[in-house]
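Novice: Sequence:
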Amino acid sequence: MPFWHGEKGKKRTGGEISLARGKRKNELGSVAILTKLGPDKRRTDVRKRGNIKVRAMMTEFANVTDPKNNTTKKVKILGVVENRANPHYVRRLIITKGSILKTEVGNAIVVSRPSQDGVVNATKIE
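Throughout, our numbering is defined as the position within the sequence shown, counted from one, plus 445.
Among the hints, erroneous ones may be present.
[Said to hold, decoys possible] Derived DEER-like restraints, expressed as beta-carbon distance ranges: (1) E571 <-> L464: 51 to 59 Å; (2) M502 <-> L473: 15 to 23 Å; (3) L523 <-> E461: 46 to 54 Å; (4) D562 <-> F448: 16 to 24 Å; (5) E571 <-> S475: 32 to 40 Å; (6) A477 <-> E571: 26 to 34 Å; (7) M503 <-> V550: 19 to 27 Å; (8) I478 <-> T568: 16 to 24 Å.
FYI, nobody ran anything at the bench for these hints, they're computed from the structure. Where is the CB? At the ideal position from N, CA and C, for every residue including glycine.
Work the whole structure out from these sequences, hints included.
Specialist: So this is what it looks like as structure tokens:
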């Protein structure tokens, strides 16, 4: 179900504006993907000009960088500890940018956008 991101025909005050033209395909958006913790599942979308966007629907691994050693490892995600975007996302195991994950090497904060990039990149925190 696409979303239309064009002008809506209303002013900020609530008054109506008569639009000079109709909707255009390039003004369409898409449904938000909420990446969950689970077996790896990805979806590819063809965007404007033939670009391909990989979206992570579910993931169970993260690339965790240790800032002290400057090394990166692919580790298993054990759970979601905190999510500042929405407190209910912790219970639903949804991973977004800024969420804190419990991994095999310790807690890590997500620095990528899994629903936009298709991969979870995180930085280890103390």
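Novice: Taking the Cβ atom of E571 and the Cβ atom of L464, is their distance within the range 51 to 59 Å?
Specialist: Given a distance of about 54 Å, which is inside 51 to 59 Å, the answer is holds.
Novice: CB of A477 to CB of E571, is that within 26 to 34 Å?
Specialist: holds, 32 Å
Novice: Hint says 16 to 24 Å; check whether the CB-CB distance for D562 and F448 agrees.
Specialist: The hint (16 to 24 Å, Cβ to Cβ) holds, given that D562 and F448 are roughly 21 Å apart.
Novice: Does the Cβ distance between L523 and E461 fall inside 46 to 54 Å?
Specialist: holds, 53 Å
Novice: Go ahead and decide if the range 15 to 23 Å is satisfied by the Cβ distance of M502 to L473.
Specialist: 20 Å Cβ-Cβ, so the 15 to 23 Å window holds.
Novice: Using the beta carbons of M503 and V550, state whether their distance is inside 19 to 27 Å or not.
Specialist: holds, 21 Å
Novice: Quick check: does the Cβ-Cβ distance between I478 and T568 fall within 16 to 24 Å?
Specialist: Given about 22 Å between the Cβ atoms, the range holds.
Novice: Do E571 and S475 keep their Cβ atoms within the hinted range of 32 to 40 Å?
Specialist: For E571 and S475 the Cβ distance comes to about 37 Å; the hint holds.
Violated hints are absent here; each numbered hint is respected by the structure.
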